[in-house]
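K.L.:
Take the sequences, apply the hints, and build the full model.
Number of protein chains: 4
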Amino acid sequence: MSQGMDSQRLIELGRELGQVFSTRAAEYDRTATFPVADFDDLREAGLLGVMVPERFGGLGADFLTYTKMLEQIGIGHAATGLTFNMHNIVTGGVAEMDLDAIPGSRGKAMKAFAEWLFDEAVNGKKLFASATTEPGIGAKYSQLQTTYERVDGGYELNGVKSFVSMAGFADYYVVAARSKEETSGPVPTLSFFAVPKEADGIEIEDVWDVLGMRATSSNTMYLRNVFVAKELLFLGSEGFGFFKLLREPHWQVGGYNGVYLGICTAIFEFMTDYLAKKGIAGTDRTAADDRVTQHQVGELDVELAAARALTYEAARLVTESPGSFEANTAIHRAKYIVGELAPRLGSMAIRICGGSTIAKRLPLERLYRDARCGGLMPAKSDDCLSYVGKAALGIDVSKAEESYW
Amino acid sequence: MSQGMDSQRLIELGRELGQVFSTRAAEYDRTATFPVADFDDLREAGLLGVMVPERFGGLGADFLTYTKMLEQIGIGHAATGLTFNMHNIVTGGVAEMDLDAIPGSRGKAMKAFAEWLFDEAVNGKKLFASATTEPGIGAKYSQLQTTYERVDGGYELNGVKSFVSMAGFADYYVVAARSKEETSGPVPTLSFFAVPKEADGIEIEDVWDVLGMRATSSNTMYLRNVFVAKELLFLGSEGFGFFKLLREPHWQVGGYNGVYLGICTAIFEFMTDYLAKKGIAGTDRTAADDRVTQHQVGELDVELAAARALTYEAARLVTESPGSFEANTAIHRAKYIVGELAPRLGSMAIRICGGSTIAKRLPLERLYRDARCGGLMPAKSDDCLSYVGKAALGIDVSKAEESYW
Amino acid sequence: MSQGMDSQRLIELGRELGQVFSTRAAEYDRTATFPVADFDDLREAGLLGVMVPERFGGLGADFLTYTKMLEQIGIGHAATGLTFNMHNIVTGGVAEMDLDAIPGSRGKAMKAFAEWLFDEAVNGKKLFASATTEPGIGAKYSQLQTTYERVDGGYELNGVKSFVSMAGFADYYVVAARSKEETSGPVPTLSFFAVPKEADGIEIEDVWDVLGMRATSSNTMYLRNVFVAKELLFLGSEGFGFFKLLREPHWQVGGYNGVYLGICTAIFEFMTDYLAKKGIAGTDRTAADDRVTQHQVGELDVELAAARALTYEAARLVTESPGSFEANTAIHRAKYIVGELAPRLGSMAIRICGGSTIAKRLPLERLYRDARCGGLMPAKSDDCLSYVGKAALGIDVSKAEESYW
Amino acid sequence: MSQGMDSQRLIELGRELGQVFSTRAAEYDRTATFPVADFDDLREAGLLGVMVPERFGGLGADFLTYTKMLEQIGIGHAATGLTFNMHNIVTGGVAEMDLDAIPGSRGKAMKAFAEWLFDEAVNGKKLFASATTEPGIGAKYSQLQTTYERVDGGYELNGVKSFVSMAGFADYYVVAARSKEETSGPVPTLSFFAVPKEADGIEIEDVWDVLGMRATSSNTMYLRNVFVAKELLFLGSEGFGFFKLLREPHWQVGGYNGVYLGICTAIFEFMTDYLAKKGIAGTDRTAADDRVTQHQVGELDVELAAARALTYEAARLVTESPGSFEANTAIHRAKYIVGELAPRLGSMAIRICGGSTIAKRLPLERLYRDARCGGLMPAKSDDCLSYVGKAALGIDVSKAEESYW
Ligand SMILES: Cc1cc2nc3c(=O)[nH]c(=O)nc-3n(C[C@H](O)[C@H](O)[C@H](O)COP(=O)(O)OP(=O)(O)OC[C@H]3O[C@@H](n4cnc5c(N)ncnc54)[C@H](O)[C@@H]3O)c2cc1C
Ligand SMILES: Cc1cc2nc3c(=O)[nH]c(=O)nc-3n(C[C@H](O)[C@H](O)[C@H](O)COP(=O)(O)OP(=O)(O)OC[C@H]3O[C@@H](n4cnc5c(N)ncnc54)[C@H](O)[C@@H]3O)c2cc1C
Ligand SMILES: Cc1cc2nc3c(=O)[nH]c(=O)nc-3n(C[C@H](O)[C@H](O)[C@H](O)COP(=O)(O)OP(=O)(O)OC[C@H]3O[C@@H](n4cnc5c(N)ncnc54)[C@H](O)[C@@H]3O)c2cc1C
Ligand SMILES: Cc1cc2nc3c(=O)[nH]c(=O)nc-3n(C[C@H](O)[C@H](O)[C@H](O)COP(=O)(O)OP(=O)(O)OC[C@H]3O[C@@H](n4cnc5c(N)ncnc54)[C@H](O)[C@@H]3O)c2cc1C
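Chains as they are written, first to last, in numbering that gives the first Met the number 0: chain A, 0 to 404; chain B, 0 to 404; chain C, 0 to 404; chain D, 0 to 404.
Hint data in this document are derived by calculation from the structure and do not stem from the laboratory.
Be a bit skeptical, because a hint or two may be false.
One copy or two, either will do: identical chains are not told apart, so a pair holds if it fits within one copy or between any two.
[Said to hold, decoys possible] Derived SDA-like pairs: lysine to any residue, alpha-carbon spacing no greater than 25 Å straight-line: (1) Lys229 <-> Gly45; (2) Lys107 <-> Ala228; (3) Lys139 <-> Glu298; (4) Lys359 <-> Val159; (5) Lys139 <-> Glu237; (6) Lys359 <-> Arg29; (7) Lys196 <-> Ile10; (8) Lys359 <-> Ala31; (9) Lys276 <-> Arg290; (10) Lys277 <-> Arg290; (11) Lys139 <-> Ser104; (12) Lys277 <-> Thr146; (13) Lys276 <-> Arg360; (14) Lys359 <-> Arg343; (15) Lys277 <-> Val159; (16) Lys359 <-> Glu202; (17) Lys359 <-> Ser320; (18) Lys139 <-> Asn224; (19) Lys359 <-> Val206; (20) Lys110 <-> Phe324; (21) Lys139 <-> Glu400; (22) Lys398 <-> Gly278; (23) Lys277 <-> Gly135.
This structure is a prediction, so every number in the text was calculated from the model and none was measured.
P.N.:
Here's what the structure looks like:
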């Protein structure tokens, strides 16, 4: 990696930042405001280019290193980790493409876009958000209603997006939209656009008053006749998207695995520390000396170790062979196990640690709330299980009709 | 029951009130303020005397009726149900005693206290809180550090109580304290005092900023040289308490079972309603038509039915033979199953219903937070399991040394 | 109940017989032979008429009493309980019909059949088996391939039945068959026939070498041009069956709930007895004194209590309002919880009790094997969950197209 | 590895043998006889020396390779894998010692024993069994009652051993015994002896009629004044054993992890194959097309992947740093997850696949029975959880008083 940043150093950097972020987490959560200070730190550390290849000035992290770094950030402040990942979905997804593979003008346009994107991220220190989800539809790509149509010099977009993390704070929104023209196939022609924050016709509605991940500012965005210059068509190519998602779902599905693994870790570490210090009244022993507590902690430790092992294994497979059957299956396994372990761990930790830990002055109750969000993000927990089950039963999960998107 | 209130009517009244309370719940939760309006309604409906025997002017509810009524209130607003139960622990525990059983002056004092208590509740419409828990000790009776000593005309109390639900809003705090005099046995001499809200030396510290049950105002209370008149000694008798708790734990352990069953029910009903309405984008079907969803809902339905059956069975046994081995075991079973089902149901409901349900404009996220509190209240979930396991293994759970208190 | 047998006495009788049966269970299991001696005892005790109305000379048990009696038998020897239930499905299903409700010749035929059936059971001491399941089809009524056609004086049956419990030992097989004539509707015309054991064309193939319930002799039966006299057409009426099953599934689904609850109870009792006696080497304590063991036993106790409560509740609802939405839902809940608790309990009991308990000289390993069979019998565990889930979601489970049959 | 056997080849060899063994498994299980033919194959393949270092003529497998090879054998026939492992516990435990580390005569004696052992295994093709467990004591080392005392030219042993896998078939029994002389410490002086099969005073009692792992011949062995030559004192040194176990538990605890992982794999593969072929009657679809089935299989797939990941991770850590805190904790995690997943998988597979799969002509019912045995072998499932929990809570698990042995 460039700038003398090897994997170990990058993970370590994640840890250091995570520790700083953790001191701010409670306040951002309380006020449900975007962690601007955390992002200043990320920017300053050059991390907006973490996924950008080294030859484009980035840090060129691989997916495994990235996952471990994100875990460290997630331990400190999950909402920051989650939103930061939205940016890396954009850059990371492009970074892993072979830009020289496609010949002709399409290849050229793609390359031009990638170069622009990398430059904006690395040198412009610009932040990219991901605007896919729509009200009443979720992130189901095949049903999206936001449309685009060609106009002079570019495109015009119309629609509503919900859950747009970093809304109001990102510099660009990567908006998924369907062509207004009729399509024949079962799946619409989907294209993506890097819509600048200041584009006319964008309105952000503040609705983000929720259970957890309160600091992500995942608000609703209205697009009314928004003009987007043709250079901002994602990868310079229409109709791109749905099939890439089927073939290489790891960024959309598993990008944030590190974040929720971080939550799990934070909960587990809080719990073991707390129990080792919590005196059992009337004795000179601590809660850690209790046999039942040890047994329960043992069971949770095994579950956490399992979630970690599957998360790393998936990330390693993605690094080695992105888009392979093994990598895709593994990333869905990891998404599920981490996404559902998090709330279980949160619930059990409160149960085991006791009543005092529901206070807001301790981090556990926030972790319990944030933890419940993982399973809701695509691929949702039960979509993961269906995917993995189909794969095990020999059903071709790369077919559109077997897809949950 | 007096005033033409039979069981069915009382449960129905609970349902009606619960529906009213439910409209106020979100706001009380948001601001973490005590549900004053709900208690005005409870007072007006004569429910402060719900457990007071009819011959003392109360409604004379039995434990089963009470549990079902509380469930209905809990469906609407659990924090109100929980705090209301604190009051009924006090009146209900006294109501079920045979006041004529104890001869002599001790019996007379007991009777006098009971009459005063009932009068205050029914005619004075006074609200009683329960102040047992202490910081760093929990509700472990045998380790409580708050002391009392005899002084002229009464007693003087000193100590700190935490988690005092209704602190600042109850008219009396029933405070558990140990005698300052040395005791020889393994268990201290514990007595209870009905301390008037306005007594000198009481200070409430507002610390209640927590995950769930935010509207209970379960704050910290300092008692500094608080004088309590001798008439306010609970049941006119010192040293009362620990052994009653061992013999008849149902009020302390199972009083609020109805509340958490109410939370479970509210979550389940929200979930099934939501799913039946939630369209699956791109189809004319709803989420309720999905086979996996049906299967998952089926499993949760069975668990809820089990929790309900065990809660009612326990309450029925308490009604029929309070303090029996069967009733005591059943109440611990019910406490456990309801206390742990609630957070599991909350977590599963969010998982199944999807991302939109974490918004604060829907009740589910509050239910998810409130739900986690049940297992923390005595007997804590794992204390319940130990109790039940010992009972099944033939160990005498009525012995102080086997007790979790 | 006739003959001075009230509910309590019947349950007690079940207990007594169960204890006798338990002494023979290991040997019947080892050799996979039918428990002839147990059935001699059942016959002698007059129990072949347990479900037959008193006015027809039977004991007229209600469904709740029956369930509890069966539980007691199941504690002693589940295979006997299971096969005995097959007989009672036949008599019990008829017993609960209002024989005077249907006018005309159809009503007359029905009544005649019922009287014959009751007489055979009570006075003839004849045993009836249930032959529904077919290879490659299971018990899916709508897909059954065994056919019947009208011939002189009766019907001719052809087909193969698998899992025919008591094959070779019952006096009659109640065979489900479809009419050879074309039907227009989605569901075939299904009729039932009481085929005498000695009928020509019946061949039993001994294939019953299985994991558990080895003493049920659930063998394969071939029917080749089997003539059945028209008087043996079940209830004197063709086309009967499928819709009764939809409306009143309790016998087919929940008849054996008592058996599997009996297995659960037997496992639990074995476990607690064993642990209370099992010394912890190097100490004077027993396994029952261990905190982790107590906690684990506590959790299983709650689950067992839940399964029992739901089983009794379902049986009570069937007794009070057979075929009601509440009863039908409850019976599926009970079937699921009991069917899946049994193997879990068996597995946990071996885990907790330790290595010595896998020996065949102790009953636990047999219970572990028998336990796994409950969830396989209709309604299978997952069919139960789907049914219950649909019911909770407001889907009409009484419609043929929502049915798992 | 010597003889051109690299890791991959060894694992492949395990697979090939496993496939051969699988064809014999049902019969050995049915008759509960020792798989002599399988051991002939193992012997012939040179696998009795699999753990013997290459310089002593063995195959010098590392722990990870061994685990994966054993998994393959376990897929085919778990009882063979389990007993084969008993032999490798003996050779493998010695193989990993640094024989040159201990100076003087003690070091010399150790080396001489090791050389003898390796020679017997590789060239003599001798099979070693492990005789630790005692009736009423289990494998609790600190409480063993079998004694040895020094006599002319060697030692005399007395006691009873239970669960001696390969009893009657091994060439040597490695017997754990305590010194008859008093010891001062909390832990007795434990020594091990390689007792030849034909030694006078040994009697094998055939008691092995059990649930699962029926082909292991884990019978009871009586030792009555059995003389053992001093050269057969294990590693030439008394008092050896207990502390090695605390420091390096991987062989005793995790040797057979591969076997139970093999069972899990066999169950899972049977299940997915079966479902993909099982037609849904009345449709042209298979059970694999059902959404609920896919979802359930997905969940089990994740659990299996987790068990595999933790098993391999533990084995890798043992290979890299045997006896490290990380390796020891990991091996207990793996032992637990694999040991308890196996019976759960077996139970779920039968539930999902349906009634036909309980037949003995299919392997699933045997797998279900064998599967329950893993959690009973040291460290028992709950001992594993306690160990892991203590480790997570910062308690020193290498101390004798924290040990479950
Ligand atoms: C919603 C709600 C309402 C309640 N209402 C009432 C009420 O009205 N009246 C009442 O008396 N009680 C009330 N309680 C308190 C309840 O009864 C329990 O006592 C309470 O939940 C504390 O339980 P705990 O044992 O887990 O306590 P904890 O305080 O978690 O644990 C007690 C033990 O933990 C140790 N400990 C505590 N804090 C720390 C720390 N920071 N670090 C290390 N060790 C620590 C102590 O030494 C002690 O051994 C309420 C609780 C809840 C959740
Ligand atoms: C913390 C967080 C951050 C996220 N960040 C992003 C982001 O940056 N970009 C992005 O694109 N997405 C983001 N998402 C959204 C996420 O990707 C999912 O799309 C989202 O969770 C919605 O999932 P769902 O399918 O459960 O949707 P839901 O909205 O719950 O369900 C969609 C389906 O539900 C129906 N439905 C919705 N509401 C109702 C109702 N009230 N009544 C009946 N039916 C209803 C619809 O018809 C539709 O079929 C984020 C989500 C979370 C939790
Ligand atoms: C398939 C298999 C193969 C094995 N192979 C070997 C081997 O090769 N070598 C070897 O050394 N071990 C072997 N074992 C034994 C294993 O290592 C354990 O020691 C064994 O499972 C016993 O474990 P346990 O502690 O649960 O014993 P248990 O015998 O169940 O329990 C021991 C404890 O139970 C008490 N106890 C035992 N029976 C009773 C009773 N009837 N009533 C009351 N209390 C009782 C005792 O006092 C003692 O405290 C094998 C086990 C299995 C299942
Ligand atoms: C102890 C016991 C006693 C019973 N007693 C009776 C009784 O008295 N009377 C009675 O009628 N029934 C009885 N049954 C049968 C029971 O009612 C069920 O029908 C039975 O368990 C089969 O259920 P299943 O649907 O899982 O069948 P399965 O036979 O497992 O499944 C049926 C489906 O599986 C497919 N299938 C079957 N085998 C294979 C295969 N090898 N490969 C691929 N696909 C396959 C078929 O095409 C069909 O779709 C008994 C069952 C048990 C376990």
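K.L.:
Please sort Lys139 with Ser104 into within, between, both or neither, judging by C-alpha distance up to 25 Å.
P.N.:
neither (31 Å within a copy, 60 Å between copies)
K.L.:
My question is about Lys277 and Val159: at a cut-off of 25 Å on alpha-carbon distance, are they close within one copy, between copies, both, or neither?
P.N.:
between (50 Å within a copy, 19 Å between copies)
K.L.:
I want to check one pair: Lys277 and Gly135. Are their C-alpha atoms no more than 25 Å apart within a copy, between two copies, both, or neither?
P.N.:
between (46 Å within a copy, 8 Å between copies)
K.L.:
Between Lys398 and Gly278, at a C-alpha cutoff of 25 Å, which is it: within one copy, between copies, both, or neither?
P.N.:
between (57 Å within a copy, 22 Å between copies)
K.L.:
Which holds for Lys359 with Val206 at a C-alpha limit of 25 Å: within a copy, between copies, both or neither?
P.N.:
both (23 Å within a copy, 9 Å between copies)
K.L.:
Tell me, please, which holds for Lys276 and Arg360 at an alpha-carbon limit of 25 Å: within, between, both or neither?
P.N.:
For Lys276 and Arg360, only the intra-copy Cα distance (17 Å) is at most 25 Å; the inter-copy one is 39 Å.
K.L.:
How would you label the pair Lys359, Glu202 (within, between, both, or neither) given a Cα cut-off of 25 Å?
P.N.:
Classified as between; 22 Å across copies, 33 Å inside a copy.
K.L.:
Pop the pair Lys139 and Glu400 into one bin, within, between, both or neither, using alpha-carbon distances up to 25 Å.
P.N.:
Within one copy, since 13 Å is at most 25 Å while 29 Å is not.
K.L.:
For Lys110 vs Phe324, is the C-alpha pair at or below 25 Å within one copy, between two copies, both, or neither?
P.N.:
This pair counts as neither: shortest intra-copy Cα distance 27 Å, inter-copy 50 Å.
K.L.:
Given a CA cutoff of 25 Å, do Lys359 and Val159 count as a within-copy pair, a between-copy pair, both, or neither?
P.N.:
between (35 Å within a copy, 21 Å between copies)
K.L.:
Between copies, within a copy, both or neither: which fits Lys139 and Asn224 at Cα up to 25 Å?
P.N.:
Within one copy, since 23 Å is at most 25 Å while 57 Å is not.
K.L.:
How would you classify Lys359 and Ala31 at a CA-CA limit of 25 Å: within, between, both, or neither?
P.N.:
both (14 Å within a copy, 12 Å between copies)
Checked against the numbered hints given earlier, this structure breaks hints 1, 7, 11, 17 and 20; the rest are met.
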